[in-house]
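**Student:** Going line by line, the protein sequences match chains A and B. Start counting the first sequence at 1; every next residue gets the next number (our numbering). Start counting the second sequence at 1; every next residue gets the next number (our numbering).
Derived by calculation from the structure, the hints in this document are not laboratory data. Small disclaimer: the values here were computed from a predicted structure and weren't measured. Among the hints, erroneous ones may be present.
[Stated by the list, open to error] If you anchor each label on the Cβ, the simulated ranges turn out as follows:
1) B:Lys33 x A:Phe194: 47 to 55 angstroms
2) B:Ala173 x A:Asn29: 57 to 65 angstroms
3) A:Asp294 x B:Arg96: 51 to 59 angstroms
[Unchecked claim] To be clear about the criterion: a stretch of chain A counts as covered by chain B if any three or more of its residues have a C-beta under 8 angstroms from a C-beta of chain B, and this derived list gives those stretches:
4) 50 to 62
5) 83 to 90
Each residue gets a CB set at the ideal place from its N, CA and C atoms; glycine is no exception.
2 protein chains.
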Amino acid sequence: MSKSLKVVGIGNAMVDILSHVEDDFLADNGIKKGIMTLIDRDRATHLYDHIGPSMEISGGSAANTIAGLAALGIATAYVGKVKDDQLGEIFCHDLRAQGAQFDTALAPADHAAETGRCMVMVSADHERSMNTYLGVSEFLTPDDIDVAQMADTDWIYLEGYRFDGPESHAAFAKAIKACKDAGGKVSLTLSDPFCVERHRDAFRKMIKNDVDLLFCNEHEMRAMYETDDLSIALRLAAAEVETVACTTGADGAYVWQGDEEFHAHATEVQIVDVTGAGDLFAAGFLFGVVTGRDPLASGQLGCVAAGEIISHIGARPEADLTELFKKHDLL
Amino acid sequence: MSKSLKVVGIGNAMVDILSHVEDDFLADNGIKKGIMTLIDRDRATHLYDHIGPSMEISGGSAANTIAGLAALGIATAYVGKVKDDQLGEIFCHDLRAQGAQFDTALAPADHAAETGRCMVMVSADHERSMNTYLGVSEFLTPDDIDVAQMADTDWIYLEGYRFDGPESHAAFAKAIKACKDAGGKVSLTLSDPFCVERHRDAFRKMIKNDVDLLFCNEHEMRAMYETDDLSIALRLAAAEVETVACTTGADGAYVWQGDEEFHAHATEVQIVDVTGAGDLFAAGFLFGVVTGRDPLASGQLGCVAAGEIISHIGARPEADLTELFKKHDLL
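Just chain A, with the same shape it has in the complex:
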């Protein structure tokens, strides 16, 4: 029987606070460039007091991917925790307005934490450095996983970042079981090299046992398999998982299925802000997968979607992705 949903994403629900910074600011404030660092509320307040004027755009890695798929007309849902506050309202609105289902119970207004936010600091070289206050996104538990929903989707898409949380492993396990028992498939994104460092064993176990499609970038792949040689890491991953899709920045993406390797070229765009590149690559790739395309075509779709997101500020698509795919003769 055909399922109602194509992809359900699970991750850290948050709003991005985007600002432009000088490299000196990053250095002076001890901010590591190009990666995601978890910070507490006090540090978030301190940093916010020091960054320049900002804009707010809904974010969250898996949520960005789901928003991209929804924008492409794919039946999607998202699971993540926001609070009943103004940033939570913004997050809910933007995801639903894009056409995704989003029914996770809100953390109540009297919860001690707030809706999570990610300070995205974009430097002159267009790299983004992220400092994340998880807020209530950390409090996603197995209770938030609706087994009927997980059984009613072809794919689940798990965000590696969400491994940073007390009950997240149990929530992921519940989602995986419900999905797999109903014949669904599991995709995972490694999210960030430091996230890989924090959770390598748990990731590895999940990759071997449950994951059908693994998303990563070159840095995460190298960190995962603890080697500087990307092709060795990819070969090791390909032995453990059906499909590996690894982005490599300006070089595009490499897709491995068993012994077969495919290379998708990056599209040429004027880079403004690389935030969300991996998230939208995953959206394009999953669009290819759920519409029955081969790995190379899926990789190309991923590269075009990633190219759209890095051509403007923020990690939610602005252009019509369907039109963009047509323009690249991919639809």
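With chain A's structure known, arrange chain B on it following the hints.
**Tutor:** Quick look at chain B alone, frame taken from chain A:
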């Protein structure tokens, strides 16, 4: 004795919620194109439920002008009311991060209304249609006017929109008296043609008695003097106020001082979103005034600043305005 501040702006403090809409959406929802319409909380909620994914950028007409001046290194302050909520925090941050003083007491967290927000709907022709929920911005009273601050600035800049409120006239009167008694000058922006319709008599009285520099666009000017002939309206205004600066879209701006007329050309830019064009024109013009430039040069500075703001989404400057002025040989 030299004063500490060059310009203090008073207006409706709010956060813009920017989205792209089709013309059909405006028509179907009874939204008047190109102007600002006041809406209540219920209507705001209804509309928000129906607009697409959005981004949030601090706004408020006079606040945009003050942010522009602050970005240019001018000593500025702002007076407007936000609440102790997340949108209020965003508004406070963005203005202070730009370098403006902002010390208006926050409406407490238990206030029935919220921080004001303006739904800015940008259509394919780059025109913006604004639906504004004033929220606590309406509750600015004479108590929020610090007479010492008004006496310590060369100019005050009054936002016409703020005439929509029970105690705003009294607040403006208090600010004007304190400023003028200390030898300061008064500028006013007419804000919107429908705002002019609502408050023509009060505006007229203020223009005749108190205003030294009047900002407007062609539509507001025609509405003010109830004539279709812009040059007649401008001549009438110039008889009542020392300087009139009137923007005319692609035609740039006309500045009148007594019988003298100056024409500043618009800069050629790729228009993305016209939100804030008038606000940044005022910022550039006031920069010219407080740095001792003549009316034509001030008008040209205004046009360049307006050109920057319409080249991207949102009404707060993104480019370095000082560099932009240099590039146009205006500094």
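**Student:** None of the hints should be skipped; say for each whether it holds.
**Tutor:** Consistency of the hints with the structure:
1. B:Lys33 x A:Phe194: 47 to 55 angstroms: At roughly 48 angstroms between Cβ atoms, Phe194 (chain A) and Lys33 (chain B) fall inside 47 to 55 angstroms, so the hint holds.
2. B:Ala173 x A:Asn29: 57 to 65 angstroms: Given range 57 to 65 angstroms: violated, Cβ gap about 45 angstroms.
3. A:Asp294 x B:Arg96: 51 to 59 angstroms: Since Asp294 (chain A) and Arg96 (chain B) have Cβ atoms about 53 angstroms apart, the given range 51 to 59 angstroms holds.
4. 50 to 62: holds (count 8)
5. 83 to 90: holds (count 4)
Comparing the model with each numbered hint stated earlier shows that hint 2 is the single one that does not hold.
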